[in-house]
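Line order of the protein sequences matches chains A and B. Be aware that the first sequence starts at 5, since it is given in the working numbering, and climbs by one per residue. Be aware that the second sequence starts at 54, since it is given in the working numbering, and climbs by one per residue.
Check each hint, because a few of them may be wrong.
What the hints assert, rightly or not - Derived contacts from chain A toward chain B, CB cut-off under 8 Å, selection only: (1) Ala-14; (2) Val-17; (3) Met-23; (4) Ser-26; (5) Arg-28; (6) Tyr-29; (7) Thr-32; (8) Pro-35; (9) Ile-38; (10) Leu-46; (11) Gly-47; (12) Leu-49; (13) Gln-53; (14) Val-55.
Said to hold, decoys possible - One-sided and incomplete, this derived list gives chain A residues near chain B with beta-carbon spacing under 8 Å: (15) Met-5; (16) Glu-18; (17) Thr-20; (18) Glu-52.
Just so you know, the hints here were simulated from the structure itself, not pulled from any lab data. We put the beta carbon where it would ideally sit given N, CA and C, even for glycine.
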Amino acid sequence: MAFANPNITATAVEATEFMDLSRRYRVTGVPKTIVNETIEILGALPEEQFVESALQAGDESPAT
Amino acid sequence: MGLLSASDEAVLKQHLAAIESRVSLVLFTQTIGGSESGPVAKQVLDEIASLNDKIEVVEKNFVLDTEDRARYGVEREPTIVVLRDGQDTRMRFLGAPTGYEFVPLVEAVLLAGTGNLELEPATVTRLAAVDTPTNIQVFSTPT
Chain A
5 MAFANPNITA TAVEATEFMD LSRRYRVTGV PKTIVNETIE ILGALPEEQF VESALQAGDE
65 SPAT
Chain B
54 MGLLSASDEA VLKQHLAAIE SRVSLVLFTQ TIGGSESGPV AKQVLDEIAS LNDKIEVVEK
114 NFVLDTEDRA RYGVEREPTI VVLRDGQDTR MRFLGAPTGY EFVPLVEAVL LAGTGNLELE
174 PATVTRLAAV DTPTNIQVFS TPT
């Protein structure tokens, strides 16, 4: 996703090495995705669902 | 001893042969008092880079290379930043990319090296509409 748009940054975090981040985002299961500190996505979703869930953060009124 | 078996290396080398652009894996580590996973990350990257001459590992010092840290927004170590022909792809890896992180790393290298997005056309259209900074962090574990 980051590769597709310069506004997007994607970081893979090794949860056990960065316990402070895991605590901050309440990571109790993996994979867990955090978008712009606010949106949480738990587990692996199908691509379309994942993108829609993730992009709520940067786009409050998605085009229809 | 290498982290990859000879047969894994052979398969990986075949996949990486599709790479056309130069891929730089910029690794930020702290030599003194740094994370134990820094040297592991280095070994993983070196093994990947040894399989294709278009892939290079660029080592940065987390403490001293503050300008590079600021450029790529690196706040922890080890961090790997993936570049395509010297340009930031905005793909990052925090921690040693072993276990479940290894395949995503290889995919990031392939994406940077080939430019082939393996996403649905509808996804690409949706992503193109994103006009505000969007920071996605995916947490996973090695096993």
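Exercise. Hints broken by the structure, by number, lowest first?
Worked result: 3, 5, 7, 10, 11, 12, 13
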